[in-house]
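All chains should be built: construct the whole structure from the sequences, respecting the hints.
Same order as they appear, the protein sequences are chains A and B.
Going by this note's numbering, the first residue of the first sequence is number 1, and it counts up by one from there.
Going by this note's numbering, the first residue of the second sequence is number 202, and it counts up by one from there.
The set of hints was computed from the structure by calculation and includes no laboratory data.
Computed from a prediction, not measured in an experiment: that's the story for all the values here.
In this text, a Cβ means the ideal position worked out from N, Cα and C, and glycines have one as well.
Errors might be hidden in some of the hints.
As the list claims (entries may be wrong) - Just a sample of chain A residues kept apart from chain B, beta carbon distances all over 12 Å, derived:
#1 PHE45
#2 GLN49
#3 PHE146
Said to hold, decoys possible - Covered by chain A, according to a simulated footprint, are these stretches of chain B (three or more residues, beta-carbon under 8 Å):
#4 209-222
#5 226-238
#6 248-260
#7 272-278
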Amino acid sequence: MSTSSKQPEAAVLQPAASHALPGDLAMWIFILAELAAFTLFIIAFSVTQMLYPEMFQAGRAQLDPSTGFAMTVGLLSSGFLAALAVERVRANRPRQASLLIVAAIASAMVYVVLKLSEYTHLANAGFDLEYNMFFTLYWLLTLFHFLHVWLGLLVLAFLAWRCFKRGYDAENRSGMESGVMYWHMIDLAWVIIFPLVYLLG
Amino acid sequence: MSNTKVLIFCWLALVFATAATVYFGANAMTLGSQVGAVLTVAVIKSGLIIDGFMELRHTQTRWRVIMYGWPLAMSLIIAATLLIPYFMAS
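So, in structure tokens, the structure goes:
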């Protein structure tokens with residue numbers, strides 16, 4: 001056991017008592033760049049919806065909002081578990097953090113399985129990338145987010161492994177916080193994408 | 202309140218708000234009320250992620266402004282593209 005893991009828990013449960021950003025500044029700049037990329041897709045979807053409202057209404061009718069609800073809860077629960085894992089690292093409990101990250105990955109897999117099921121259903125029904133403008137933008141926007149989820153899952157898997165190896169603790173946690181902040185950015189993007197694609201209009 | 206309790210509160214609020222989003226999306230009487238309700242809840246959810254999960258409530262105001270700016274800007278763009286044609290047609 002590392003010496004840092006013997007520190008009293010109360011001494012390290014002050015998350016960001018300083019006014020510093022959690023994680024590395026470079027990760028926050030990367031997050032802003034990612035949000036800028038999502039902005040382009042969201043604007044493209046919104047403006048095209050303004051031009052072809054009936055087409056988008058008909059396309060949206062092929063999607064199931066309850067599936068979107070379950071996907072959203074899976075992602076948000078994953079973000080919650082990842083945030084709890086950061087707390088455990090700050091309390092010098094990296095093994096507990098590792099378990100929480102594994103739980104976060106499992107929760108995110110709810111989103112992955114449901115999204116793959118939705119993609120399969122739409123592709124089999126002929127609503128592919130070339131079907132119309134709604135489905136072109138649906139596939140581009142949601143696939144762009146889906147790829148980010150996979151990248152985030154790889155990051156979470158790395159964090160779980162590092163935590164299991166006691167690679168993070170209360171003093172050495174910047175990498176952990178940066179990885180989890182990236183995961184929260186994916187949640188943040190989905191919170192806007194979900195109503196835009198599944199509900200509004 | 203400990204940070205763990207804040208996280209639990211944010212998670213429960215996010216799940217409830219997501220259910221509210223789906224409800225408003227399906228049951229709003231007009232496009233205007235649907236857009237207003239759904240996007241307001243989306244911005245509140247974004248705030249729970251930004252201040253709760255990302256813990257920006259502890260950090261400098263400029264970072265909170267930047268991060269809150271994104272969901273606000275997206276919501277305004279989405280609302281404008283949906284509501285401008287709606288009001289012009291009515």
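Structure-based check of each hint:
{"no.": "1", "hint": "PHE45", "verdict": "violated (9 Å)"}
{"no.": "2", "hint": "GLN49", "verdict": "violated (6 Å)"}
{"no.": "3", "hint": "PHE146", "verdict": "holds (19 Å)"}
{"no.": "4", "hint": "209-222", "verdict": "holds (count 8)"}
{"no.": "5", "hint": "226-238", "verdict": "holds (count 5)"}
{"no.": "6", "hint": "248-260", "verdict": "holds (count 9)"}
{"no.": "7", "hint": "272-278", "verdict": "holds (count 5)"}
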